[in-house]
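Let the sequences and hints guide you as you build the complete structure.
Going down the list, the sequences are from chains A and B.
The letter at position 39 of the first sequence is residue 39 when you use my numbering, and the numbering goes up by one with no holes.
Just add 1000 to wherever you are in the second sequence, counting from 1, and you've got my numbering.
Hints are computed from structural coordinates only; laboratory data are not their basis.
None of the hints are false.
Derived DSS-like pairs (lysine-lysine); straight-line CA-CA distance at most 30 angstroms:
#, chain 1, residue 1, chain 2, residue 2
1, A, 531, A, 544
2, B, 1150, A, 539
3, B, 1014, A, 544
4, A, 189, A, 234
5, A, 553, B, 1222
6, A, 320, B, 1138
7, B, 1108, A, 414
8, B, 1222, A, 547
9, A, 416, B, 1080
10, A, 540, A, 366
11, A, 363, B, 1181
One side only, chain B facing chain A, incomplete, derived with CB under 8 angstroms:
#, residue
12, 1013
13, 1017
14, 1020
15, 1034
16, 1070
17, 1071
18, 1097
19, 1137
20, 1161
21, 1162
22, 1163
23, 1164
24, 1190
25, 1238
Ranges between beta-carbon positions, derived for each pair:
#, chain 1, residue 1, chain 2, residue 2, range
26, B, 1134, A, 82, 39 to 49 angstroms
27, A, 240, B, 1180, 38 to 48 angstroms
28, A, 479, B, 1117, 32 to 42 angstroms
29, A, 40, B, 1029, 51 to 61 angstroms
30, A, 238, B, 1118, 25 to 35 angstroms
31, A, 177, B, 1180, 48 to 58 angstroms
32, A, 330, B, 1029, 44 to 54 angstroms
33, A, 82, B, 1095, 49 to 59 angstroms
34, B, 1095, A, 559, 50 to 60 angstroms
35, B, 1179, A, 134, 37 to 47 angstroms
36, A, 558, B, 1117, 13 to 23 angstroms
37, B, 1117, A, 171, 42 to 52 angstroms
38, B, 1118, A, 458, 31 to 41 angstroms
39, A, 389, B, 1076, 48 to 58 angstroms
Small disclaimer: the values here were computed from a predicted structure and weren't measured.
For every residue, glycine included, the Cβ atom is placed at its ideal position computed from N, Cα and C.
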Amino acid sequence: MKVSRNWLQNYVSKPIPKGEAFFDLLSLNIFEVEGHEVIGDNEVFDVKVLADRNAYCLSHRGIAREVAILIGADYKVPEFLNTPVAVSNNVTLPEIKIESDICRKYLSRKINGITVTASPDWLKGGLEALGQRSINSIVDMTNYVMMDSGQPLHAFDADLVRGNIVVRMAKEGEMVTTLDNKEIKLDSKTLVIADDEGVLAIAGVKGGNHAGVTMATKNIILESANFMPAEIRKTTVKVNIRNESSKRFENDLPLEFANVGLNDLSLLIAEANPKAEFGPIFNYGPDIDEAKIVETTIDFIRECIGIEISNDEIISILKKCDMQVEGNLKVTAPTYRRDINIPQDLAEEVGRIYGYEKITDSKPVKIETSLQNDNEFTTAEYIRDLLVEIGFDEIIGYALREDGDFVLEMPLSKDKSTLRKTLVNSMNEYIESNSRYLDLLGIKQAKVFEISRIFPHDGERTVLSLGVINQKGPEKPHIVIVNALKYLTDNGIIVDASVDVKINEVTATESKIVFDRKMELCLSPDLDIGKMSIDGDHKKIFEKEKKTLIKFKKISAFPFATRDVAILGPGTEKEVYDLIVDIAKKTIGEENFVRATLFDVFTKEGKTSYAFRLVFQSQSETLKDEVMDGVLKSVNEAVVNKGWVVR
Amino acid sequence: MAFFSNSAYTLYMKGYSHVMNQEIRIITDIFAELGFVVANGPELETEFYNFDALNIPADHPARDMQDTFWVKGEKGEERKLLRTHTSNVQIRFMQANTPPYGMLAPGKVYRNEATDATHEAQFHQVEGMYINKKVSMKDLKGTLEYFFKKYYGEDAKIRFRPSFFPFVEPGVEVDVLFKGKWLEVMGAGLMHPKVLKAGGVDSTEWSGFAFGMGFDRIIMIKYGIDDVRYLYSGDLRFTRQF
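Laid out in structure tokens, this is it:
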């Protein structure tokens, strides 16, 4: 909620901190503060009120209370607000009937003889600083009082109300046109404010346009009410309207705010309309919630926080929060606090106000246990280590796909509308994508595995999926997978007999996707890790790896390119490699040089030729052919200079 | 990495595990030193274990805090969803074991959010829980400090900021000082008695703390990864950097 510092200051007996100091005061002790605007000598802060304190803190008064506690000041209400307007018995309100328990409280009064104008600067500016639009003087005053006290208020044009007022359930299919001209069809579970002929407002949510206040309005009826939070929430979902009013009602607004709201609004209207006459107040429902009592001990509160806070300090903090404290320890919470229910709630007040930064010298907990790590986790970790050792790379794929058994109710898109029931289809796609980058990665073969959950109809499980792809040649992908599974079973992975791990050209799944015809691919079926375990006698011990912190290199969106060069000469592989890389980097720039990979070695008559594939890629552009040809030219020149031969 | 092998195929060069799993291993190892065991739970979960047991009833504004992937089910069946946090494992672990214990549950979670460079519908969380007698915020702070010093280095500092989660009370956001800036890294607090009850633990005898961190963000900050979608892209150009 956006709050104005000057506005808060009305309620706090000491100067409120400014700028960064305000940020820290609130963020470290109650609410995060995001966003900050300086307007003249004032500041507007965006305070992130926590959900459990929405009931009493969605208002300047509520936040001012908390600020006062934190800076050791008093919360004080300006004196003039304590004298209500004079009541005239000449002003008669229509009859009001409450026909549903969903309405917990209803206050109303009629005011005759007002003039609706554009709002004065202080009112307009005050609302606009909080991001609220100015409408007219009356509507703006209701919003102002809501932002001040937390109580949503509504005004009807009294001359447009037909007959008497009833707070009732809507009739099934009953229509209302809202103040912003939306036509809404209501159902019989929605509470409305109605007159003899139809709906005046969707209770707690939105006013109708029939009796809306306009510049022509002379007499008004005010409403200050309170409704069951769950019902208002359901209504907002049904009619798809959420606003500042509905938000406060659905967070269980305290009953006592209704009187404050009506009183303050009446005073504001009286000030702007000195000749107006104020009728008596219709009052339905209890004026105040029952106070909540929480019984615990001071020791319990201290133990929750875990540090030495004195009894006096604990009691002092609770009293600062407007709580009554008796004995050891019976605490009566103020009636406007919905969030004080259990002893832990008291511990939170003490902890955050005392300051969590005062918890120092803390040690970690430590526990002796005979419990074991989850079996699946241990098995998966071990399989991971084994597969990485024999050259497999791990991916984590996307669980949402088009081809699963379980369907989402509200998917983000059609191709992500189900939960995948196999890893094979996604492995197929991922490995095919990756096959385009073999040269860039400096590998001849992509060996990939994934360990993830799948969601087939008969039950969620964790499975292992393997995929291998390479250019057609002597290395057969399905043999690689067969060997990989053998490596697992040779090193202590026991697979339940019901799992089919025979991968041969018949049982393996071959890709159905059209891809580079020069490639060969093999995919394993889903291998259920839940049906695997580790034979301790054959388990390999892997040393803990020391990781060096790398900085992630952005993956370029621009295409990579390759050039091959074969060099015959007395030089060793390392000498040839060093020369090529050195020249290439100098010519094209180190940032555009990716790698040089040896792909062929050929020895004849005592001389060895080494063939390298050079890979180039830029982060900012597609490298031109001439540039790369230029690299080759430079390499060739350097080779010739050394007396070697370019083949 | 061997550039100089004679083999045309890189059969015997080591592969790369996924950075997420590397980091999860680091975390589980650190907590193993304290006696925390690794636990698991379903990703396709029921409404009870994901919400109700964690003190998040239906029609409660607290449900607004998470966008849920509800899964179409059979009529009359309990409502199913993709879990929105790893906190479901807390309840299941409590039901299956007797305190005292410490538990760590890493895993995938799902939120119905539009995806962009910093938001994915699928991501990882690591959940922790410790139940014993008279567990305090000081125990929580000490344990988290131990963890973050091991993970980020001895200079790491943490601070608590008051916050609200329905399943803990008191509740805090935990910030860690990393490269001179305070970063929000996890939610934590003392377990709410209603949650202990849902797990079958007597809250008059036992208490506990719990924490949960969104792990993708932590990894992205640690390594300077600029787009979360890489983590689930299946792209070896990503995997093979770590």
